[in-house]
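Given next are the chains, with one letter for each unit.
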Amino acid sequence: MSIMEYNGGAVVAMVGKNCVAIACDKRLGVQAMTISTEFPKTFQATPKTYIGLPGLATDVQTLSEKFRFKVNMYKLKEEREIEPRTLAHLVSSTLYERRFGPWFVEPVIAGLDKENRPFICSTDLIGCINFAKDFVVSGTTSNQLYGMCESLWEPDLEPEDLFETISQSLMNAVDRDCLSGWGAQVTVITPDQVITRTLKSRQD
Amino acid sequence: MADRYSFSLTTFSPSGKLVQIEYALSAVNSGVTSIGIKATNGIVIATEKKAVSTLIDDSSLEKVAIICSNIGMVYSGMGPDYRVLVNKARKAAQAYKRVYMEEPPTAILVKEIAGVMQEFTQSGGVRPFGVSLLIAGFDEKGPMLYQVDPSGSYWPWKATAIGKNMVNAKTFLEKRYNEDIELEDAVHTAILTLKEGFEGQMTENTIEIGIITGVVSTKDDGAVVLPEFRKLSPSEVKDYLANIA
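Read top to bottom, the protein sequences are chains R and F. Residues 1 to 204 in UniProt numbering are what the first sequence lists, from first letter to last. Residues 1 to 245 in UniProt numbering are what the second sequence lists, from first letter to last.
Just so you know, these hints were derived from the structure itself, not from any lab. None of these values were measured; they are calculated from a predicted model. C-beta atoms are modelled at their ideal positions from N, C-alpha and C, and glycine is treated no differently. Accuracy of the hints is not assured; some may be wrong.
Quick look at which bits of chain F chain R covers, simulated, 3 or more residues with Cβ under 8 Å [as the list claims (entries may be wrong)]: (1) 94 to 107; (2) 218 to 228.
Chain R is nowhere near these chain F residues, computed Cβ spacing over 12 Å in every case [what the hints assert, rightly or not]: (3) 6; (4) 11; (5) 17; (6) 26; (7) 52; (8) 59; (9) 80; (10) 121; (11) 147; (12) 157; (13) 188; (14) 200; (15) 214; (16) 215.
Here are the computed lysine-lysine pairs in the DSSO-like style, where the Cα-Cα straight-line distance is at most 30 Å [said to hold, decoys possible]: (17) F:158 / F:91; (18) F:164 / F:17; (19) F:17 / F:170; (20) R:70 / F:97; (21) R:66 / F:91; (22) F:219 / F:97; (23) F:219 / R:114; (24) R:70 / F:91.
Model the full structure from these sequences, guided by the hints.
Structure (structure tokens):
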């Protein structure tokens, strides 16, 4: 039994044309038993940046609160919102602080910077950042997500098309993972607005 | 032994003043003058390098210090106290960079240093720093010039002077400063202001000038590139001096 597979979960983020999307499943389980179907794993950091936290649920909760604290303090001190790139390094250094007793999460960050340029990245549980130009995946379903994203993603997708692509990638990937699923939540971030939609998927 | 000094040496007087800080300001005001001027496209900070004797090798004495690539600092007051603050400022800037992989904005670094200076007015067994600092930095909000006092208070300035000749120098600056001044003129004005109260011969070896100028730009991957703070070389200073002669 691996600690990263105790609760289960999946998160994926993709880059589109002047937009980004981030999606997660909604299952919370204790190994084989599902105990909640209302446990989304994406959290808003700033109005234009979201952070996805799959992994051990207690760490998901604690880190989402820690990052909320750090992002709020940043805003108060610097009198501006944190940029996605800066947030990525903040997440990385927070995780590396626990290098020899790590947080069991593998975060995904997606957002638009102040020039509305798309930004996504993911990190491993000890803070190594992967800056991607296309998509990033994380969680127990990561292998399946890699397969789906690689086939379905193409550059410069408009927000509506990006929503379809990321939704299909996530839903079909989690159908091949017993520890993820039970609904999905997809957030599309554009310069004008942020739309979060909940998808009904196979409830098994 | 340690609890003999656990009380603060800086205590309030009946009138509500902290006399140690007043005395620290006296130390600053008897120190050599320093000038700072903010231009539309950058900042210049300058000071006299007053050598006690002609035998001193002044090329190795550094008063204008680089804190990180986009922030520089100069002082009036006690040199040794200044060097402690330069080190703390440099470490604070690098600590910020460790977390955010970015240079700190000027205001953030100033708050840190001011916080350090304030600690030394309230902790046990220590005395306030005998320096006032002029911190010049360029961040995404543009060029910013701050003064930090021994008490830990700080203010942003458009142009200012600290040290021995500050009253005359500030009057001089009030007349010459305008909001549209560009860096070249600002350097010129800074040198003229220093000259007002200068004791001895002003040469490229007896003044130190630091400037920061440029634009904030973004690389292809989105990373922000800030202008760099640098000190003028003696030959550059010589050119400026030739222009005012």
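Checked hints:
For a cut-off of 8 Å, the count of residues in the region 94 to 107 of chain F with a CB near a CB of chain R stands at 7, and the three-residue condition holds. Look at the region 218 to 228 of chain F against chain R: 4 of its residues bring a Cβ nearer than 8 Å to a Cβ of that chain, three or more, so the hint holds. At the 12 Å boundary, the C-beta of residue 6 (chain F) stays outside the reach of chain R, the nearest C-beta of that chain being 30 Å off. Distance check for residue 11 (chain F) against chain R: the nearest CB is about 31 Å away, which clears 12 Å, and the non-interface claim stands.
Under the 12 Å C-beta cut-off, the non-interface status given to residue 17 (chain F) relative to chain R holds; the minimum distance is some 30 Å. For residue 26 (chain F), the requirement that its beta carbon stay farther than 12 Å from each beta carbon of chain R is met, with the minimum near 33 Å. Listed as outside the interface, residue 52 (chain F) is consistent with that label: its C-beta sits roughly 42 Å from the nearest C-beta of chain R, beyond the 12 Å cut-off. With a least CB separation of 38 Å from chain R, residue 59 (chain F) remains clear of the 12 Å interface cut-off, as annotated.
Residue-level check passed: residue 80 (chain F) sits 30 Å from the nearest beta carbon of chain R, beyond 12 Å. Every CB of chain R is more than 12 Å from the CB of residue 121 (chain F) (nearest about 22 Å), matching its label as outside the interface. Taking the minimum C-beta to C-beta distance to chain R, about 20 Å, the non-interface status of residue 147 (chain F) holds against the 12 Å cut. With a closest Cβ-Cβ approach of about 19 Å to chain R, residue 157 (chain F) is found to remain outside the 12 Å limit, as its non-interface label requires.
Non-interface status of residue 188 (chain F) relative to chain R is upheld: no Cβ of that chain comes within 12 Å, the nearest being about 33 Å off. Every Cβ of chain R is farther than 12 Å from the Cβ of residue 200 (chain F); the closest lies at roughly 44 Å, confirming the non-interface assignment. Every CB of chain R lies more than 12 Å from the CB of residue 214 (chain F), the least distance being 19 Å, so the non-interface label holds. At roughly 15 Å from the closest C-beta of chain R, the C-beta of residue 215 (chain F) stays outside 12 Å, upholding its exclusion from the interface.
With a CA separation close to 27 Å, the supplied pair residue 158 (chain F) and residue 91 (chain F) stays within the 30 Å bound. Only pairs whose Cα atoms come within 30 Å are accepted, and residue 164 (chain F) paired with residue 17 (chain F) is accepted, the gap being roughly 23 Å. For the suggested pair residue 17 (chain F) and residue 170 (chain F), the alpha carbons sit about 25 Å apart, so the restraint of at most 30 Å is met. With a C-alpha separation of about 15 Å, the suggested pair residue 70 (chain R) and residue 97 (chain F) falls inside the 30 Å cut-off, and the hint holds.
Restraint check: the Cα-Cα separation between residue 66 (chain R) and residue 91 (chain F) comes to about 24 Å, which is no more than 30 Å; the hinted pair holds. The suggested pairing of residue 219 (chain F) with residue 97 (chain F) holds, with an alpha-carbon distance near 18 Å, which does not exceed 30 Å. Annotation: proposed proximity of residue 219 (chain F) to residue 114 (chain R) holds, straight-line Cα distance about 14 Å (limit 30 Å). At roughly 21 Å between alpha-carbon atoms, residue 70 (chain R) and residue 91 (chain F) fall within 30 Å of each other, so this suggested pair holds.
Checked against the numbered hints given earlier, this structure breaks none of them.
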